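*Asks:* Read off the chains here:
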Amino acid sequence: MADLAQFRDETRSWLEANCPPEMREPVRGEDDIYWGGRRATFKNDAQKAWLEACIAKGYTVPMWPKAYGGAGLSAAEAKVLREEMGRINARPPLSSFGIWMLGPALLHFGTEGQKQRFLNEIARGEIRWCQGYSEPGSGSDLVSLQTFGEDKGDHWVVNGQKIWTSYADHADWIFCLVRTDKENKYGGITFMLFDMASEGVTTKPIKLISGSSPFCETFFDNVAVPKSYGDDVPAYVGTINRGWDVAKYLLGHEREMISGADGGERQAAIGAMMKRHAAKLGDELDPVLRAELANFDVDALAYAAMGEKFLDEIKVGKAHPAQPNMMKYAGTELNKRRHELMMAVGGSRSLEWESDATESGKPAKNWLRTKANSIEGGTSEVMLNVIAKRILDLPGA
Amino acid sequence: MPLYHNEDQAMLADTARGFIAEEGNIAKQLRHWRDRNCKDGFGHALWKQMAEMGFTGMLVDEADGGLGMGHVEAGIVLEEIGRNLTPSPFLTSSVLAATALKHGSADLKGRYLPGLIAGDSVFAVAIDETAKHRPSRITTRAEKSGNGFKLSGAKSFVIQGASADMIVVAARTSGSDEDADGITLFAVPKDAAGMSHDSVRLVDSSMATHTRFDGVELDGDAVIGEIDGGRAVLDAMLMAGRVGAAAEGVGVARGAMDMTVDYLKQRKQFGRLIGEFQALQHRASHLYSEVEIARAVTIKAQQLLDGGSAHADLMASVAKAKVAKTARLAVQEGVQMHGGIGMTDEYDIGLYMKRDRALAEFLGDATFHANRVAELSGY
Ligand SMILES: Cc1cc2nc3c(=O)[nH]c(=O)nc-3n(C[C@H](O)[C@H](O)[C@H](O)COP(=O)(O)OP(=O)(O)OC[C@H]3O[C@@H](n4cnc5c(N)ncnc54)[C@H](O)[C@@H]3O)c2cc1C
Ligand SMILES: Cc1cc2nc3c(=O)[nH]c(=O)nc-3n(C[C@H](O)[C@H](O)[C@H](O)COP(=O)(O)OP(=O)(O)OC[C@H]3O[C@@H](n4cnc5c(N)ncnc54)[C@H](O)[C@@H]3O)c2cc1C
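Residue numbers (our numbering), protein chains in the order written: chain A, 1 to 397; chain D, 1001 to 1379.
Just chain A, with the same shape it has in the complex:
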């Protein structure tokens, strides 16, 4: 405990010295998030300075081992860091699918060579990854996927189509589920890693109801994927044809991330802020809306405690392995409710799609974006199915 108190002091002064004031402002839009990658640009100097300070300290991925770009923090230390960053509203220095999804899978299934190369690239924000899971015919029923890799000895030739591939048009590399055995449903999928600049890869952005185009259709037309990128760096994670195990493991981390369990504004109570917002619009909360906000805040603050408990437990292996599904279900449904209430408080002002007062329709766009929360990474209904089967052990689930 004494050590932790000391760590807290050190962390506090380190943050004080290294986190620029601009990086302590709430994230207001997509361009406030730094995703990294070959083509990334910084919005301002503060964003760059904050990232560089964190990379040097291993704080883009605090719990990863130092050899792979992390800080090697224990669960308890990582919690202190999270709390201290939360206290000053520090933004995450780097966000990426590499950190949330591929990294954990590599830490678990990767070879030493893969970890040395890919994890360090992720920790430094050098390579931006995208996720090639869903296909037009395979969404919730992911294991029915058809994208096929034909074995050509030292390489595969991949053909097929992915869809809903978030940021495929900005990504450098893809982790991709490819069928390598048509006879074997679960045991015939390989978890491949390849460069999006490879010949035969094309992407086509899809426009969302929120007006932005964060995801794409991704086409593979005779893409040659070598089986190895060098000594101890295979182009697949785990074993050939056993990629489903990796895919499922990764989904656990994806769901944990989407659940918003790690705190931040996704968990905060909103009532007091909404009262101020209403006042700014020259209005006050009507009693029924106030009551709905109060009920929401009860649920939000309770969920925040659940997020803390879940992270504490998962870090020491105490959480049920299927618990991320519960977190994702509860967290995303809550977030949708949050934005419904924010829209209600904003009234007609929140409907403005193009205006300076709304910074070009941010309230409405953010509200619409949340509707994807309970779809992406596995739908709420699928989460409930998984809880029924793996936690409640209900028959035929």
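Hints were generated in silico from the structure; no laboratory data involved. Model, not experiment: these values are computed from the prediction. Hints are not guaranteed to be accurate.
[Stated by the list, open to error] Think about it this way: if two alpha-carbon atoms lie no more than 30 Å apart in a straight line, the pair counts; the simulated DSBU-like pairs of lysine-lysine are:
hint : chain 1 : residue 1 : chain 2 : residue 2
1    : A       : Lys389    : D       : Lys1268
2    : A       : Lys248    : D       : Lys1265
3    : A       : Lys389    : D       : Lys1265
Go by the hints and put chain D with the ligands onto chain A.
*Replies:* Only chain D with the ligands this time, still in chain A's reference frame:
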């Protein structure tokens, strides 16, 4: 501090779970006393056993002969009490009254704590005066009289009021009905002249009283804490009681949920186990999720309370409200998914529904606490 039980607490949970399932189960306690129309509504022998287990004096300081444990530990016992619907004076005596007595004089502690720790005494608390919990308004009055006080007024929903050896009474010693200040807490002994009880059995078979005080003469040393400064003690007592009631509610919710999920795996209709129907699976999964969240925030509130955090009060209300909503969901889904037998007295699931109703009302229901969360948050 991580938000899960440490090793000692996990051990205590094992012990409490085994003991209460064995000795405090529904057949042995709730149904047993109910079917005999027991006037106390609980078994004194079990209370004595709980003392032998070290439960009754958990929250009492070691210097006063107790175990000096915290609300996480008390919550562990309460969750098992909830799960087994065990009628017991634990919440009113070992949590509420024990919290008040922490602020009492050495004399008061010496008079009451040994009986509590030994499981010989039972305590009640008299706060509410109307059918809803409104602790901001206290009209029962204690007038100065000689060296002591004269107490007049009426209290309602005094759980175990008739069997209590001592009742902690919140009364007004100055100011007007709605004032925050001017409250004093008194330890009123069982045999005080002028105190009368009108006993009522509640829907969950627990016993409560409408208690009248007609010029009850009290010595000055019956005062707990400061004269006119009782609000702080009352608040501390309410906070502990609410967190405790939340823990018990978590037990009620988990008990009802487990029973229901078991039933889904046994009952067949349409040639299938009803647990195979996705309509029921999804509801069960949603319930599981809510119960996990309710339990997490309850442990959070316990930890904050034990750590003396300034957020404890807010989180106590969040926990009480969240648990009230969640246990309500658990018992409603429980009865519904049991079908016709859920409506029968023979099956236990209906008993959970009754207990939830009474427990949620105690020390403020879901809307009272949601409103309080709004007020404490500044809107
Ligand atoms: C914003 C966004 C970003 C995304 N990013 C990516 C990405 O980067 N990479 C990627 O690979 N994918 C991504 N996805 C895809 C996402 O994983 C899928 O949309 C999701 O798995 C659902 O598949 P589907 O859209 O085909 O819906 P379907 O599976 O067709 O589902 C339609 C409806 O049926 C319900 N349903 C389906 N099966 C069942 C069942 N067994 N029981 C009960 N109900 C059922 C669903 O819950 C849903 O309500 C993204 C999606 C969104 C919205
Ligand atoms: C007060 C009362 C009075 C009654 N009076 C009469 C009477 O006078 N005469 C008479 O004949 N009957 C009477 N009934 C019986 C009543 O019609 C049945 O209780 C009812 O049809 C449900 O059947 P069950 O109790 O066997 O429940 P079950 O069928 O076992 O149902 C248990 C649970 O499973 C659910 N379930 C079952 N099948 C499915 C499915 N396919 N999909 C999703 N969920 C499913 C149910 O909705 C329920 O939640 C009475 C019942 C009550 C409670």
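*Asks:* Do the alpha carbons of lysine 389 of chain A and lysine 1265 of chain D lie within 30 Å of each other, as the hint requires?
*Replies:* holds, 12 Å
*Asks:* Does the structure keep lysine 248 of chain A and lysine 1265 of chain D at a Cα separation of 30 Å or less?
*Replies:* holds, 27 Å
*Asks:* CA of lysine 389 of chain A to CA of lysine 1268 of chain D, is that 30 Å or under?
*Replies:* OK: lysine 389 of chain A and lysine 1268 of chain D at ~18 Å, within 30 Å.
The structure agrees with every numbered hint stated previously.
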